Amino acid sequence: MKRHLISAADLTRDDAVLILDTAEEMARVADRPIKKLPTLRGRTVCNLFFEDSTRTRISFEAAEKRLSADVINFAAKGSSVSKGESLKDTAQTLEAMGVDAVVIRHGASGAPYRLATSGWIDAPVINAGDGTHQHPTQALLDAFTMRRRLIGPDAGLGQDLSGRRITLVGDVLHSRVARSNVDLLHTLGAEVTLVAPPTLVPVGVETWPCEVSYDLDRVLPKTDAVMMLRVQRERMNAAFFPTEREYSRRYGLDGERMARMPEHALVMHPGPMVRGMEITAEVADSDRCTVVEQVANGVSVRMAVLYLLLGGNEPAVTHTRTEEK
Amino acid sequence: MSKILIRGAKVLGGDVQDVLIDGETIEAVGAGLSAEGADVIEAEGKILLPGLVDLHTHLREPGREDSETVLTGTRAAASGGYTAVFAMANTFPVADTAGVVEQVYRLGQEHGYCDVQPIGAVTVGLEGSKLAELGAMHESAAGVTVFSDDGKCVHDAVIMRRALEYVKAFGGVVAQHAQEPRLTEGAQMNEGIVSSELGLGGWPAVAEESIIARDVLLAEHVGSRVHICHLSTAGSVEIVRWAKSRGIDVTAEVTPHHLLLTDEMVRTYNPVYKVNPPLRTERDVMALREALADGTIDIVATDHAPHPHEDKDCEWAAAAMGMVGLETALSVVQQTMVETGLLTWAAVADRMSYAPARIGQAKGHGRPVSAGEPANLTLLDSAYRGEVDPAGFASRSRNTPYEGRELPGRVTHTFLRGRATVVDGKLA
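Sequences listed follow chains H and U, in order.
Numbering-wise (the UniProt record's numbering), the first sequence opens with residue 1 and increments by one.
Numbering-wise (the UniProt record's numbering), the second sequence opens with residue 1 and increments by one.
Pulled out of the complex, with its shape left as it was, chain H reads as follows:
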């Protein structure tokens, strides 16, 4: 594995499978009365959040605490620019404090890459979402959720997602989740299709390792998992689509559309969901919808990433499993 996790595209197939397998080990910790491992005892991890995020920050914090790391939460409301302080200064402050890893969420694409490569700080950098660029741990937790549901927790060990057909629907243009998922799912052997109105499809998408369709109904019957992307309401003012109602009619997922999917197919969403527009309550609350599982799996996957970047080379919890026996 590389020293930092900046982009899902940085992961090889073996890296990704190792993370998913390690996350399975980590998931077992959540089933214990005491959900804690000593792996990162004495290590300090800083969650550096320049952009508001509740669920991702809490997920990382839970992962860090379950690995016994000391956690510093740094929430910079607004951008570093509006505050008049630079990312470099913040990074060097953390370096001086001796942090062992930095988890960064930033509104500017490329900020984690700059942090990792500019010599401002030595610690490993984990990208928790940067602008419209990447959100690699989200992609990993999505892949983890798919593997668990489509193959099984134990049967899935060592497996990738070869041959699975995954559909991402919605605002691909502004979605770091979409970029990360296309990269990772392709690496894991899945066939990815993007469905969006043409205004929300990025320029140059033809070079991406995926298919593109404007017709959701045609794609759904051939889908093993459909991932709905969040549509920000402010996009409506920028003429990306005419009205909320028209978007919902053409690209929203309701019960009728869900019925066209194969029986085993999943409905996923990175959250937070805009019910009624991109997904109906009927679908969101159905057994097929994995939104709650995705949240739980996020902690396991982030534990795995932190462990692999900061921990030793030994298997994460093997000895603990032995004790359980």
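In case anyone wonders, no lab produced these hints; they're calculated from the structure.
Do not take every clue at face value.
Listed below are several chain H residues computed to face chain U (Cβ distance under 10 Å; list not exhaustive) [to be verified]: (1) Lys88; (2) Ala108; (3) Pro112; (4) Leu115; (5) Thr117; (6) Ser118; (7) Gln134; (8) His174; (9) Arg176; (10) Pro202; (11) Val203; (12) Glu206; (13) Thr207; (14) Trp208; (15) Ala238; (16) Pro242.
One-sided and incomplete, this derived list gives chain H residues near chain U with beta-carbon spacing under 7 Å [stated by the list, open to error]: (17) Leu87; (18) Ser109; (19) Gly110; (20) Ala111; (21) Tyr113; (22) Arg114; (23) Gly131; (24) Thr132; (25) His133; (26) His186; (27) Gly204.
Between beta-carbon pairs, the in silico distance windows are [stated by the list, open to error]: (28) H:Tyr214 with U:Ala136: 54 to 62 Å; (29) U:Glu282 with H:Lys222: 34 to 42 Å; (30) H:Lys222 with U:Glu238: 53 to 61 Å.
Quick caveat, the model's predicted, so the values are computed rather than measured.
We put the CB at the ideal spot given by N, CA and C, even for glycine.
Given the coordinates of chain H, assemble chain U onto it according to the supplied hints.
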């Protein structure tokens, strides 16, 4: 002032000649000139060009003296072989009155490294809504002939039309920064495959091309001339080529960095590559080179845009746009145009001296290297090869994309009206 004999230089890359300077003027050009009473500069193997003229420089003074001043900027210009620069109007305060343009003009005169010709803003405060006092700036001591809101586009078609019409009264030219503002909201790099991968806001080629198309038609409609700043796309080249074939009075410039660098460099997220207009694709670069070679693009202009270190040592989105260019321009042109066989040195003299002086009406500059002309000259060691080291720049800023890159050529001497401003590669 004593006489200076430049001995054995290849004038415009052609015949080996001696050039005798007497005072501010070239006294003679020929073979075997007498060195009696003259200081001799041995120039065997070197290229002698007319002093370079930059139609597009940001000197930052007044207002951003932490980036550059007229003194440091003109020292950088001299180091790069320039004897005249046109200073863009986006200073603080904006150069939209006779007072500000006179201030910049006089600072240039006082420092004496390079003639400084201020460019006046087209609109008050570069805000695009009200014409600045174009006539007053022209009639001032600065004698402004070029007007531009560079950094911003004059996007209102009516304002652009009026500006084009108005400057006809005194033979001025409007230099347009072609950027349709709505199409480039949030733009941070060229819109294309790379921007989509990197998740950076895209600056589409059509945002430049649509404004150029509109402006050449406006210039034709009102019978005026228009100059297009820093062309960056293959489509822009096609529009300018079409306009010229139609007889429209349009001129255009390209920067050295748009002749060499592509948006692939942005993959590093290193803000030294953040510039406006953005670095485009390899196809665009090749089209720009070809257009400069065939004369569709008239001149090379640096768009020298100095910024202090802290404005670039940050995340991409927060970084300022622009790169310095005065001290590397000739080297980049040598590499991309001369060593590729696209331009002769005589043609370089046209694109970097004669033509920009003609467009900007820079008196005494852009003249042939011949007897009786002002001694504005640049001597280049074209055989030199070396890595760019910004620590040695005369500019106050160091935001160059070429740090550590090997570029050919080094200016060894620059003469401004017979006075050496650069000697053996060092400022005099």
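Verification of the supplied hints:
Because the closest C-beta pair between H:Lys88 and chain U is about 6 Å apart, less than 10 Å, the hint holds. Of the supplied interface hints, the one on H:Ala108 holds, with its beta-carbon coming within about 3 Å of a beta-carbon of chain U, less than 10 Å. For H:Pro112, the interface hint holds, the least distance from its beta-carbon to any beta-carbon of chain U being 9 Å, beneath 10 Å. Interface hint at H:Leu115: satisfied, since its Cβ lies 8 Å from the closest Cβ of chain U, which is below the 10 Å cut-off.
A cut of 10 Å between beta carbons decides the hint on H:Thr117: the least distance to chain U is about 8 Å, and the hint holds. A distance limit of 10 Å between C-beta atoms decides the matter here; for H:Ser118 the minimum to chain U is near 8 Å, and the interface restraint holds. Contact between H:Gln134 and chain U, as hinted, is supported at the beta carbon level, the nearest pair being about 7 Å apart and thus within 10 Å. Given hint, H:His174 at the interface with chain U, holds; its Cβ is 9 Å from that chain's nearest Cβ, closer than 10 Å.
Against a cut-off of 10 Å between C-beta atoms, the interface hint on H:Arg176 holds, since the closest Cβ of chain U lies about 6 Å away. For H:Pro202, the shortest C-beta to C-beta distance to chain U is roughly 4 Å, which falls under 10 Å, so the interface hint holds. Annotation: H:Val203 was flagged as interfacial toward chain U, and the flag holds, the nearest CB pair being 5 Å apart, inside 10 Å. Hint status for H:Glu206 relative to chain U: holds, with the closest Cβ pair at about 9 Å, below 10 Å.
Look at H:Thr207: its Cβ gets to within about 5 Å of chain U, closer than 10 Å, so that hint holds up. Taking 10 Å as the C-beta contact cut-off toward chain U, the hint placing H:Trp208 at the interface holds, the least distance being around 8 Å. The restraint placing H:Ala238 at the interface with chain U holds, with a minimum CB-CB distance near 8 Å, inside the 10 Å limit. Interface restraint check: H:Pro242 against chain U, minimum CB-CB distance 18 Å, threshold 10 Å, status violated.
Interface hint at H:Leu87: satisfied, since its Cβ lies 5 Å from the closest Cβ of chain U, which is below the 7 Å cut-off. A least Cβ separation of about 4 Å between H:Ser109 and chain U falls short of the 7 Å threshold, and the interface hint therefore holds. Given the 7 Å rule on beta carbons, the hint for H:Gly110 holds: about 4 Å separates it from the nearest Cβ of chain U. Taken as an interface hint, H:Ala111 checks out: its beta carbon lies about 4 Å from the nearest beta carbon of chain U, inside 7 Å.
Against a cut-off of 7 Å between C-beta atoms, the interface hint on H:Tyr113 holds, since the closest Cβ of chain U lies about 5 Å away. Here the hint on H:Arg114 is kept, as its CB sits about 5 Å from the closest CB of chain U, short of 7 Å. For H:Gly131, the suggested interface contact is upheld, since its CB lies about 5 Å from the closest CB of chain U, less than 7 Å. Satisfaction of the interface hint for H:Thr132 is found here, the shortest Cβ-Cβ separation to chain U being roughly 4 Å, below the 7 Å cut-off.
Look at H:His133: its Cβ gets to within about 3 Å of chain U, closer than 7 Å, so that hint holds up. Because the beta carbon of H:His186 sits about 13 Å from the nearest beta carbon in chain U, more than 7 Å, this interface hint is broken. For H:Gly204, the interface hint holds, the least distance from its beta-carbon to any beta-carbon of chain U being 3 Å, beneath 7 Å. Against the hinted window of 54 to 62 Å, the Cβ-Cβ separation of H:Tyr214 and U:Ala136 comes to about 56 Å, which satisfies the hint.
One distance hint, 34 to 42 Å for the beta-carbon pair U:Glu282 and H:Lys222, holds here, with the actual separation near 37 Å. Separation of H:Lys222 from U:Glu238 is about 43 Å and departs from the stated range, judged on CB atoms against 53 to 61 Å.
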